[in-house]
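Residue numbers (full-length UniProt numbering): 1 to 442.
Honestly, the hints are just simulated from the structure, not real lab data. Among the hints, a few may not be true.
To be verified - Below 25 Å or equal to it, Euclidean Cα-Cα: the simulated DMTMM-like pairs (lysine to aspartate or glutamate) are:
{"no.": "1", "residue 1": "Lys434", "residue 2": "Asp293"}
{"no.": "2", "residue 1": "Lys53", "residue 2": "Asp184"}
{"no.": "3", "residue 1": "Lys333", "residue 2": "Asp401"}
{"no.": "4", "residue 1": "Lys236", "residue 2": "Asp293"}
{"no.": "5", "residue 1": "Lys333", "residue 2": "Asp359"}
{"no.": "6", "residue 1": "Lys145", "residue 2": "Glu201"}
{"no.": "7", "residue 1": "Lys434", "residue 2": "Glu375"}
{"no.": "8", "residue 1": "Lys246", "residue 2": "Glu120"}
{"no.": "9", "residue 1": "Lys53", "residue 2": "Asp263"}
{"no.": "10", "residue 1": "Lys236", "residue 2": "Asp263"}
{"no.": "11", "residue 1": "Lys427", "residue 2": "Asp296"}
{"no.": "12", "residue 1": "Lys145", "residue 2": "Glu240"}
{"no.": "13", "residue 1": "Lys145", "residue 2": "Asp231"}
{"no.": "14", "residue 1": "Lys246", "residue 2": "Glu299"}
{"no.": "15", "residue 1": "Lys427", "residue 2": "Glu375"}
{"no.": "16", "residue 1": "Lys236", "residue 2": "Glu375"}
{"no.": "17", "residue 1": "Lys145", "residue 2": "Glu120"}
The structure displayed is predicted, hence computed values, not measured ones.
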Amino acid sequence: MERPRTRYAKAGDIHIAYQVFGDGPIDLLWAQGWATHIEYAWESPDYARFLTKISRFARVIFFDKRGVGMSDRDVGYPTLEERSQDINAVLDAVGTDRAAIFGMSEGGAISCVFSATYPERVSHLILFGCRARYRWAPDYPHGLKPDEVQASIEYFSNYAGGHFLGIDGAPSIADDPAAQRWLDTYFRYAASPRALRNLAEMNYDIDVRSVLSSIRAPTLVLHRENENWCDLANAKYLAEHIPGAKLRVLPGEDHIAWYGDQDRLVSEIRAFVTGDTVSTPTERTLLTLVFLDLVDSTEHLARMGDERWRSVLEQLDHTVRRHVSAYGGTTVKHTGDGYLLSFRGPTSALECALTLRRDVAGLGLQSRTGVHTGECEIRGQDLSGATVHVAARLMHEAAPDEILTSQTVKDLTLGSEREFHRLEPRKLRGIPGKWTPFALTD
1 MERPRTRYAK
11 AGDIHIAYQV
21 FGDGPIDLLW
31 AQGWATHIEY
41 AWESPDYARF
51 LTKISRFARV
61 IFFDKRGVGM
71 SDRDVGYPTL
81 EERSQDINAV
91 LDAVGTDRAA
101 IFGMSEGGAI
111 SCVFSATYPE
121 RVSHLILFGC
131 RARYRWAPDY
141 PHGLKPDEVQ
151 ASIEYFSNYA
161 GGHFLGIDGA
171 PSIADDPAAQ
181 RWLDTYFRYA
191 ASPRALRNLA
201 EMNYDIDVRS
211 VLSSIRAPTL
221 VLHRENENWC
231 DLANAKYLAE
241 HIPGAKLRVL
251 PGEDHIAWYG
261 DQDRLVSEIR
271 AFVTGDTVST
281 PTERTLLTLV
291 FLDLVDSTEH
301 LARMGDERWR
311 SVLEQLDHTV
321 RRHVSAYGGT
331 TVKHTGDGYL
341 LSFRGPTSAL
351 ECALTLRRDV
361 AGLGLQSRTG
371 VHTGECEIRG
381 QDLSGATVHV
391 AARLMHEAAP
401 DEILTSQTVK
411 DLTLGSEREF
421 HRLEPRKLRG
431 IPGKWTPFAL
441 TD
């Protein structure tokens with residue numbers, strides 16, 4: 001494969017070097033760990049093979065984070081949030097809205113922060129040889145003790161001396177002098193001695209445990225069973241604390257991804273990103289849905305004009321959100337003159353629907369409302385499933401200022417003070433069988 005050209009993205013005032021190669025159907029951003037150099041990477045036959053294999057099923061986005069490699073070096077002590085902005089800048093420069101994010105070692109922590117902050121930009125998250133926290137703590141026994149941290153910082157600082165230290169990170173090349181020479185040179189090209197030490201010190205302050213529960217992308221945690229730099233317990237912690245994450249333990253000892261059994265690692269990544277293109281895990285839960293729509297909104301717009309109608313809709317939006325919040329609900333969708341609202345129980349949903357009907361009338365408008373309780377599929381911030389369709393059809397069946405519910409809602413609120421008027425059974429478009437709507441009375 002022809003070596004890709006290095007280009008630059010801007011993250012604020014910082015220049016971030018990146019390359020793009022491959023023509024697969026999915027974009028995959030590779031966030032490396034510690035010190036990197038995207039141009040010298042291609043001088044390693046092992047690394048070049050690794051990148052080429054990934055490029056056969058993905059368009060690979062390859063970059064040096066701020067402070068190392070071909071990117072701006074004099075950047076101080078960037079936070080994890082600032083380092084995650086490098087990913088954002090590169091994705092913008094490439095022109096992709098969403099990508100699979102593949103993070104190794106420290107790059108995994110950066111990827112976690114990015115995935116939690118920009119869920120809409122992450123189709124999949126792959127973590128390899130990663131930690132949620134580097135230092136030992138009473139509630140994180142997998143971290144390194146203070147003396148281990150200091151010894152490790154000194155260990156990394158010695159890379160500048162021309163001594164091969166990669167044996168712990170890549171034991172599979174212990175008998176390969178050419179690979180050892182390349183790895184030594186790679187880290188010397190990537191950063192100066194002081195920068196290497198600063199990177200190590202910054203990395204040992206990493207703690208991303210607080211963001212793990214906010215990650216919504218399908219996540220695959222990969223870890224080699226016997227590697228020395230990062231104990232398997234760290235991978236297990238990530239898999240247990242990221243919603244829906246899968247853990248795959250691979251044979252081998254190498255912490256550095258492109259050494260050891262490349263084929264097994266790449267095949268796991270390929271199966272994950274090409275076999276699952278859903279942006280978020282699907283969950284199912286019981287919810288009460290309220291569909292509310294304004295009556296004759298087009299006629300109101302023609303009569304009032306754009307500016308006045310916009311003002312009315314802004315008042316309506318404020319009213320809806322205030323009441324939904326007060327009754328413990330969620331605004332799932334807003335289409336200008338219509339809303340899909342969700343509630344954990346039918347009683348609060350009905351109380352909110354009645355309050356909204358009253359306040360919509362106070363704006364000189366009429367509304368139609370449909371209410372149904374059932375199991376819903378939750379995909380990120382969206383809902384799907386038959387329950388959504390039934391609630392929508394009940395809304396369409398409602399007369400102006402009418403709230404129609406299903407029998408399920410009526411039965412679940414048995415014993416409340418609310419009264420219902422039974423209507424004739426009917427077909428709801430696109431819904432099997434006949435349904436009996438009930439009109440909610442004040």
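Original post:
When you check the alpha-carbon spacing of Lys145 and Asp231, does it fall within 25 Å?
Top reply: Distance of about 14 Å is within 25 Å: holds.
Original post:
Keeping to a limit of 25 Å between CA atoms, is the pair of Lys427 and Glu375 held or broken?
Top reply: Answer holds: Lys427 to Glu375 is near 21 Å, not above 25 Å.
Subject >> Given pair status - Glu201, Lys145, alpha carbons within 25 Å >> reply: holds (14 Å)
Original post:
Are Lys145 and Glu120 close enough, with their CA atoms no more than 25 Å apart?
Top reply: violated (37 Å)
**OP:** Would you check the hint for Lys434 and Glu375, treating anything up to 25 Å between C-alpha atoms as holding?
**Re:** holds (19 Å)
**OP:** Would you check the hint for Lys236 and Glu375, treating anything up to 25 Å between C-alpha atoms as holding?
**Re:** violated (31 Å)
**OP:** Could you grab the alpha-carbon distance between Lys145 and Glu240 and see if it respects the 25 Å cut-off?
**Re:** holds (23 Å)
Original post:
Holds or violated: are the alpha carbons of Lys434 and Asp293 at most 25 Å from each other?
Top reply: The given pair, whose Cα atoms are some 23 Å apart, holds under the 25 Å limit.
Original post:
Quick one, are Lys53 and Asp184 close enough, alpha carbons at most 25 Å?
Top reply: holds (24 Å)
Original post:
Can the restraint linking Lys246 and Glu299 be considered satisfied, given a maximum Cα separation of 25 Å?
Top reply: violated (52 Å)
**OP:** Below or equal to 25 Å on CA atoms is what counts here, so check Lys246 against Glu120.
**Re:** Cα-Cα ~20 Å, so holds.
Original post:
Given the hinted pair Lys53 and Asp263, is their alpha-carbon gap at most 25 Å?
Top reply: Roughly 8 Å between the alpha carbons, so the hint for Lys53 and Asp263 holds.
Checked against the numbered hints given earlier, this structure breaks hints 4, 14, 16, 17; the rest are met.
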